[in-house]
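Participant: Below, each chain spelled out in residue letters.
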Amino acid sequence: MEFLIVSTLNGVIYGMLLFMVSAGLTLIFGMMGVLNFAHASFYMLGAYFAYTLSGLFNFWVGLIVAPLLVAIIGMFIERYMLRRVHAHGHAHELLLTFGLVFIFEELIKLFYGDFPVNYQRPDYLNFAIFNLFGTDYPFYRVFIGLVALLMFIVLFVLLTRTRVGMVVRAAERLPDTARALGHNVPMVFLGVFGAGAALAGLSGAVAGAFFPTNPNMALELGVIVFVVVVVGGLGSLAGSLIASLLIGVFSSFAVGLDWSLASLFSLIGLGDWANSLGGLVTMPLSSISATVPFLLMLIVLLVRPAGLMGSKN
Amino acid sequence: MPRWITTAAAITALGVIAPAVQAEPLKIAIIESLSGPQTSTGRLIATAAEYVIDQTNANGGFNGEPIQVKEYDNAGDTSGAATKFREAAADGAHVIIQGASSAIGGQVTEDVRKHNIRNPDNPIIYINVGAEAMELRGKKCHFHAFHFTTTAPYRTVPLMQVMSEQGDLGKRVYSINQNYSWGRDMEAAIVDNADRFDYQVVDKVLHEVNRIQDFSPFVARIKSENPDSVITGNWSNDLLLLMKAVGDANLDITFGTIFMDQPGNVANAGDVAEGHYVAHSSNIELLDEAGTEAYKKATGHYPVFIEPTTLNGVGLFAEALKKVNFDGGDIDVNEIALAMENTTFDNGLGGMHVRKADHQAVIPIVVSQVASGVKYPVDGTELGFKPIKTVAGEDAIYPAQDSCRMRRPK
Chain S
1 MEFLIVSTLN GVIYGMLLFM VSAGLTLIFG MMGVLNFAHA SFYMLGAYFA YTLSGLFNFW
61 VGLIVAPLLV AIIGMFIERY MLRRVHAHGH AHELLLTFGL VFIFEELIKL FYGDFPVNYQ
121 RPDYLNFAIF NLFGTDYPFY RVFIGLVALL MFIVLFVLLT RTRVGMVVRA AERLPDTARA
181 LGHNVPMVFL GVFGAGAALA GLSGAVAGAF FPTNPNMALE LGVIVFVVVV VGGLGSLAGS
241 LIASLLIGVF SSFAVGLDWS LASLFSLIGL GDWANSLGGL VTMPLSSISA TVPFLLMLIV
301 LLVRPAGLMG SKN
Chain U
1001 MPRWITTAAA ITALGVIAPA VQAEPLKIAI IESLSGPQTS TGRLIATAAE YVIDQTNANG
1061 GFNGEPIQVK EYDNAGDTSG AATKFREAAA DGAHVIIQGA SSAIGGQVTE DVRKHNIRNP
1121 DNPIIYINVG AEAMELRGKK CHFHAFHFTT TAPYRTVPLM QVMSEQGDLG KRVYSINQNY
1181 SWGRDMEAAI VDNADRFDYQ VVDKVLHEVN RIQDFSPFVA RIKSENPDSV ITGNWSNDLL
1241 LLMKAVGDAN LDITFGTIFM DQPGNVANAG DVAEGHYVAH SSNIELLDEA GTEAYKKATG
1301 HYPVFIEPTT LNGVGLFAEA LKKVNFDGGD IDVNEIALAM ENTTFDNGLG GMHVRKADHQ
1361 AVIPIVVSQV ASGVKYPVDG TELGFKPIKT VAGEDAIYPA QDSCRMRRPK
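Residue numbers (this note's numbering), protein chains in the order written: chain S, 1 to 313; chain U, 1001 to 1410.
Rather than coming from a laboratory, the hints here were simulated on the basis of the structure.
All figures in this text were calculated on a predicted structure; none of them were measured in a lab.
It cannot be assumed that every hint is accurate.
[Claimed, not checked] Calculated Cβ distances over 10 Å to all of chain S for the following chain U residues: (1) 1066; (2) 1087; (3) 1206; (4) 1208; (5) 1220; (6) 1221; (7) 1264; (8) 1265; (9) 1267; (10) 1285; (11) 1348; (12) 1375; (13) 1377; (14) 1407.
[Stated by the list, open to error] Only pairs whose alpha carbons sit at most 20 Å apart, straight line, appear in this in silico SDA-like list of lysine to any residue: (15) 109(S) to 1071(U); (16) 1223(U) to 109(S); (17) 1323(U) to 1342(U); (18) 1356(U) to 1400(U); (19) 1223(U) to 256(S); (20) 1223(U) to 257(S).
[Said to hold, decoys possible] Simulated coverage check for chain S against chain U, where a stretch passes if three residues somewhere in it have a Cβ under 8 Å from a Cβ of chain U: (21) 8-15; (22) 56-70; (23) 130-137; (24) 217-223; (25) 287-300.
Glycine included, C-beta positions come from ideal geometry on N, C-alpha and C.
Construct the complete structure from the given sequences, taking the supplied hints into account.
Facilitator: As structure tokens, this is what we get:
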């Protein structure tokens, strides 16, 4: 029971963090069809900006201003780089943003050094919110989950219930018609890209204070956010949320369960034989827990090629 | 006669004449991860190695010429290292220094071995200052490879010994390591020493390398075994996140680590780090102040993490250079290698030398504890590494592996 509750809680919170980072990508990828490989770099920039600002002012200023700075950088990239290559198709956008990843990484190292910086949450946020079976549960984890939840609600309402959302969706689905109706489509794209970057920046500012803020943080999350978006279905916010939670919970349970292929064989009485084989057969699930998301992606793509909530299903 | 033949002849003639006119300078290639995720380690190694060479050059260089050092960026992967090795060999490097990553170390040492088989008159020395895999001193050992860093059992034994003497090891030990050669070496060392230091390995986990963001599931698993101490060879994020997650859960567990002294660790872990142990090959607290201050003056910071190891290794090499003399003639790399085998170097904690059987350096190991009130606090915090005990190299070192069959030059 303890294992079940603790693992679920850990998994859900980690899933919320994944959602927080991938929400902006869902917006950019889903609404604009831009493969932004540099999305996790925005996440990293958000953390570093928040680190600098929290040193100059305080934690909350960092949390609010850092996403705005990242949004400005994002809009600059959209306006002066991505828009130029957009006509040449996805491959060019991918290559451009792929290059940006390296540039951002080395730039960060130039300015902040090669080592993790000391970006900490303020002391008054540093307490245990409850005690679970003798283990303190840090409040900040819950805080991350709450921010992600808030982000989901705001985005969902904005996109489906307001006029702004309607224009954005129209600009994505039928750009020519939207333009004919008098909407400034390039401006809409600029705004969406900025908003997506800001979301990544915000998640960096929040999560960077919990996980270390270091020059590799973009690399660490870069691939997994794509997995979330693909599993969830392109452009589907709800899909991203479900995919994030699934990945979080599965990874969490994988650590605690020492299952291996050998234990599967022992169910049919071949356990001794399988254990004698060694190698991959006896490899416990916990040792490959970070591959769980990719396994999930494989299965989802086989069963539902457009993702869990993808519109093409 | 076509013109190109004349030109070619002229170039050949120049090539033959040149060494007679000018002494051959010693060329050192630093093949390191100077971009990509491993920069933090690679840059430190390059800085420390260049510091030692600069000192030698200030004292007149070698063979009548300043030693030439060139940095090659392997970008953090083995294919990059292989390309850069060919470049360095083409540039005429006599010595290669490398350290970040055992995988790259494996690539470089094999490249050097093959090069030396094909070019017996023109061999290259590999100075390893950071790759800790046992295999490099075992199956992959060869005469021209020198290993100045330790290995998993080399560090684990002193770590366990001191933690047990201090009463912080306890009876229940948890092993958590990264799932590759280094982590497996660590796990084996932790299991092998259970009887010697009277503890029980309650659980052992191998996890993926630097891919896990959230360690709380691992903490839940650790907690369920109720260990007294956690021994881990984790480095970088894998150590930092693990310590933070354990600290957040408020579990009272002592960590025995190998890489706690990586910059940024203590600051990021905060008070959680206090009381944990680290086994390293040097501790700045024990070193001569003049030396560390001179280092700071030249590089802008005190020697940290992998820098002392590099200073020791390249220092021994520089000491060995004093024993050979080519009178401004051609450099005989084998002679330098033989001199390195017979050199004893004082690294500030005691003498160090190279074991002939597998070219593993015999270095004392310092076991330190993260504590306040030290001379050199790190990362802008109050905390630093308080030395608890220095274990002599002979007492800590593992026996040479049978798999190492070294062919010596005739």
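Participant: Each hint: holds or not?
Facilitator: Checked hints:
1. Annotated as non-interface, residue 1066(U) keeps its C-beta farther than 10 Å from every C-beta of chain S; the closest such distance is 28 Å.
2. No beta-carbon of chain S comes within 10 Å of the beta-carbon of residue 1087(U); the shortest separation is about 21 Å.
3. The non-interface label for residue 1206(U) is inconsistent with chain S: the shortest C-beta to C-beta separation is roughly 5 Å, within 10 Å.
4. Non-interface status of residue 1208(U) relative to chain S is broken: a Cβ of that chain comes within 10 Å, the nearest being about 4 Å off.
5. Once the 10 Å rule is applied to beta carbons, residue 1220(U) is inconsistent with being away from chain S; the minimum gap is 5 Å.
6. For residue 1221(U), the condition that its CB be more than 10 Å from all CB atoms of chain S is violated, with the nearest at approximately 6 Å.
7. Chain S draws residue 1264(U) into its interface by the beta-carbon criterion, the shortest separation being 4 Å against a cut-off of 10 Å.
8. Residue 1265(U), annotated as away from the interface, has a beta carbon of chain S within 10 Å; the closest lies near 8 Å.
9. For residue 1267(U), the non-interface assignment is contradicted: its Cβ lies about 4 Å from the closest Cβ of chain S, within the 10 Å cut-off.
10. For residue 1285(U), the requirement that its beta carbon stay farther than 10 Å from each beta carbon of chain S is met, with the minimum near 20 Å.
11. A cut-off of 10 Å between C-beta atoms confirms that residue 1348(U) is not in contact with chain S; the least separation is 24 Å.
12. With a closest Cβ-Cβ approach of about 21 Å to chain S, residue 1375(U) is found to remain outside the 10 Å limit, as its non-interface label requires.
13. Every CB of chain S lies more than 10 Å from the CB of residue 1377(U), the least distance being 13 Å, so the non-interface label holds.
14. With a least beta-carbon separation of about 32 Å from chain S, residue 1407(U) lies farther than 10 Å from that chain, consistent with its non-interface assignment.
15. Between the alpha carbons of residue 109(S) and residue 1071(U) the distance comes to roughly 18 Å, so the proposed pair stays at or under 20 Å and holds.
16. Of the supplied pair hints, the one linking residue 1223(U) and residue 109(S) is violated, its CA atoms being roughly 36 Å apart against a limit of 20 Å.
17. Distance restraint check for residue 1323(U) and residue 1342(U): the Cα-Cα separation of roughly 9 Å lies within the 20 Å cut-off, and the hinted pair is therefore satisfied.
18. A distance of roughly 10 Å separates the Cα atoms of residue 1356(U) and residue 1400(U); the hinted pair therefore holds under the 20 Å criterion.
19. With a C-alpha separation of about 11 Å, the suggested pairing of residue 1223(U) with residue 256(S) holds against the 20 Å cut-off.
20. A hinted pair counts as satisfied when its Cα atoms are at most 20 Å apart, and residue 1223(U) with residue 257(S) qualifies at roughly 15 Å.
21. With 4 residues bearing a CB less than 8 Å from a CB of chain U, the segment 8-15 of chain S meets the requirement of three and the coverage assertion stands.
22. Only residues whose C-beta sits within less than 8 Å of a C-beta in chain U count toward coverage, and the segment 56-70 of chain S has 0 of them, not enough to reach three; the restraint is violated.
23. For the segment 130-137 of chain S, the proposed coverage by chain U is satisfied: 4 residues have a C-beta within less than 8 Å of a C-beta in that chain, meeting the threshold of three.
24. Three residues within the 8 Å Cβ limit are the bar, and the segment 217-223 of chain S against chain U gives 3, so the coverage statement holds.
25. Look at the segment 287-300 of chain S against chain U: 5 of its residues bring a Cβ nearer than 8 Å to a Cβ of that chain, three or more, so the hint holds.
The structure fails hints 3, 4, 5, 6, 7, 8, 9, 16 and 22 (numbered hints given earlier, in ascending order).
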